[in-house]
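The lines below spell out each chain.
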Amino acid sequence: MRTSIEIVVSPKGDVKVETKGFTGGDCRAASKTLEEALGIKASDQVTAEFYQHQATQTQQQQHS
Amino acid sequence: MGTHRHRRGGVAPAVTVSLSTRALRKRRCPISHIVTIHTEIRDVAALQAACARLSLPPPKLGTARLYEAEATGQIVKLPGWTYPVIIDTEKGEVKEDNFGGAWGDPKELDKLLQAYAVEKCRIESRKAGHSVTEQALPDGSIKLTVQVAGGA
Numbered sequence: 001m002r003t004s005i006e007i008v009v010s011p012k013g014d015v016k017v018e019t020k021g022f023t024g025g026d027c028r029a030a031s032k033t034l035e036e037a038l039g040i041k042a043s044d045q046v047t048a049e050f051y052q053h054q055a056t057q058t059q060q061q062q063h064s
Numbered sequence: 001m002g003t004h005r006h007r008r009g010g011v012a013p014a015v016t017v018s019l020s021t022r023a024l025r026k027r028r029c030p031i032s033h034i035v036t037i038h039t040e041i042r043d044v045a046a047l048q049a050a051c052a053r054l055s056l057p058p059p060k061l062g063t064a065r066l067y068e069a070e071a072t073g074q075i076v077k078l079p080g081w082t083y084p085v086i087i088d089t090e091k092g093e094v095k096e097d098n099f100g101g102a103w104g105d106p107k108e109l110d111k112l113l114q115a116y117a118v119e120k121c122r123i124e125s126r127k128a129g130h131s132v133t134e135q136a137l138p139d140g141s142i143k144l145t146v147q148v149a150g151g152a
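These protein sequence lines are chains A and B, in that order. If you read the first sequence in this note's numbering, its first letter stands for residue 1, the second for the next number, and so on. If you read the second sequence in this note's numbering, its first letter stands for residue 1, the second for the next number, and so on.
So that you can see chain B by itself, here it is in the shape it has in the complex (with noise of 0.2 Å):
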């Protein structure tokens, strides 16, 4: 059990051959891998960045009141929202309060955050030596495309 002769003639057997991503990565065979990420805002220079993007006020390093409370950080000002939003860049963190939508539409602070995340991956791009392309998609999402600088 468990071998395979091969008949003269014959029609070699079927062998499934199961690799280890670990034996794969020692061959040197191509693997590639999709990560999803939640984004956070830590880094103030690309706030800065999406900010720009979305022609808004550059961010604030200050404390700011919302409905129920005070709250210390990057205040950025949303169109048609009643309190800013308080960004804690070192926890990650956005503090707002538009009331279910009644005082601000969410989707501004959803572009904010795709503004943001759009510039950080630039930014850090760059920083590795990369050339990014940037392109929008139908759907309202941004792609873009880092040629990785030394790449085979």
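Just chain A, same shape as in the assembly (with noise of 0.2 Å):
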């Protein structure tokens, strides 16, 4: 998977930063700078794709 950040910036200046394709930890490193370089952080959250890696964990256990 490529790994990349995507960031929006809103009409109000207001940044959303989002990782993708990273494994572990990776996610978080990768963006760090960004993310203390722009202002304060006023929001964290883990995104879909973690939940969507605990149903497929949930899936493979009913199976086996």
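These are computed hints drawn from the structure, not numbers from a lab. Using N, Cα and C, we set each Cβ at its ideal position, and we do this for glycine too. Any given hint could be a false lead.
As the list claims (entries may be wrong) - Just so you have them, the derived chain B footprint on chain A, three or more residues with Cβ under 8 Å:
| # | stretch |
| --- | --- |
| 1 | 7-18 |
| 2 | 25-32 |
| 3 | 36-42 |
Unchecked claim - Here are the simulated DSBU-like cross-link-like pairs (lysine-lysine), alpha carbons at most 35 Å apart as the crow flies:
| # | chain 1 | residue 1 | chain 2 | residue 2 |
| --- | --- | --- | --- | --- |
| 4 | B | 95 | A | 12 |
| 5 | B | 77 | A | 20 |
| 6 | B | 60 | A | 32 |
| 7 | A | 32 | A | 16 |
| 8 | B | 60 | A | 20 |
| 9 | A | 32 | B | 95 |
| 10 | A | 32 | B | 107 |
| 11 | A | 12 | B | 60 |
| 12 | A | 41 | B | 60 |
| 13 | B | 60 | A | 16 |
| 14 | B | 127 | A | 20 |
| 15 | B | 107 | A | 16 |
Could you use the hints to bring the two separately framed chains together as a complex?
As structure tokens, then:
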């Protein structure tokens, strides 16, 4: 999977940073410098990719 | 209690696996996250680039007068604003007086903040050796996609 960081800057200047395709803690490390350079972190959440993985784990258990 | 026995020919019971974030990191599983950031103007080079992007005169370091006070910092004159905005890049503070919009359209300041954030992202991404593409979105937002060098 390709690794990228998607940044959306709102018309008011607030920024949403989303990491894509990273494994483990690499996603936080990849965007950390950018986040610190931009300003104050208002929120931080794990994305659906995290939960999709949990769902996969559950399905694998059900079929084993 | 707590054990699951598989009956021959039967359906295996559903087992919900709950893994902590730390456990997922150890297993090298895909994790992504979203961070929301309130932009602070602290980089003069990015501020200069933002002014150029908006075709504004470059910021000048100095002291300028607002309606009731003076302030020192990077002075930016926004279109249609009676008083300049003065940016303390050490503290990330923007000092302005537009009298609730009567002395200047607040959207002009929003545009400056947006342009600054875009330019700051571009500068930091280039420093890290990443390539950046930019796209204007219908709602007025600007999307940057950073392809991370050396990524998996």
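Exercise. Take the C-alpha atoms of residue 32 of chain A and residue 16 of chain A, compute the straight-line distance between them, and say whether it is at most 35 Å.
Key: Satisfied, since the Cα-Cα distance of roughly 13 Å is no more than 35 Å.
Quiz prompt | Given pair status - residue 95 of chain B, residue 32 of chain A, alpha carbons within 35 Å | solution = Holds. Residue 32 of chain A to residue 95 of chain B sits at ~28 Å (cutoff 35 Å).
Quiz prompt | Given coverage of the stretch 7-18 of chain A by chain B, checked by CB-CB distance under 8 Å (3 or more) | solution = holds (count 12)
Quiz item: Taking 35 Å as the top limit, are the C-alpha atoms of residue 95 of chain B and residue 12 of chain A close enough?
Solution: Given that 35 Å is the threshold and the Cα spacing comes to 16 Å, the pair holds.
Quiz item: Keeping to a limit of 35 Å between CA atoms, is the pair of residue 12 of chain A and residue 60 of chain B held or broken?
Solution: 23 Å, holds
Quiz item: Given the proposed pairing of residue 60 of chain B with residue 16 of chain A, does the C-alpha separation stay at or below 35 Å?
Solution: 29 Å, holds
Quiz item: Does the structure keep residue 60 of chain B and residue 20 of chain A at a Cα separation of 35 Å or less?
Solution: 39 Å, violated
Exercise. With a C-beta cutoff of 8 Å, work out whether three or more residues of the stretch 25-32 of chain A approach chain B closely enough for the coverage to hold.
Key: holds (count 6)
Quiz item: Does the alpha-carbon distance linking residue 41 of chain A and residue 60 of chain B stay inside the 35 Å limit?
Solution: 28 Å, holds
Quiz item: Going straight from one Cα to the other, do residue 107 of chain B and residue 16 of chain A come out at no more than 35 Å?
Solution: 20 Å, holds
Quiz prompt | Hint consistency between residue 32 of chain A and residue 107 of chain B [alpha-carbon to alpha-carbon, up to 35 Å] | solution = 29 Å, holds
Quiz item: Between residue 77 of chain B and residue 20 of chain A, is the straight-line Cα distance small enough, at 35 Å or below?
Solution: 38 Å, violated
Violated hints for the displayed structure, listed by number in ascending order: 5 and 8.
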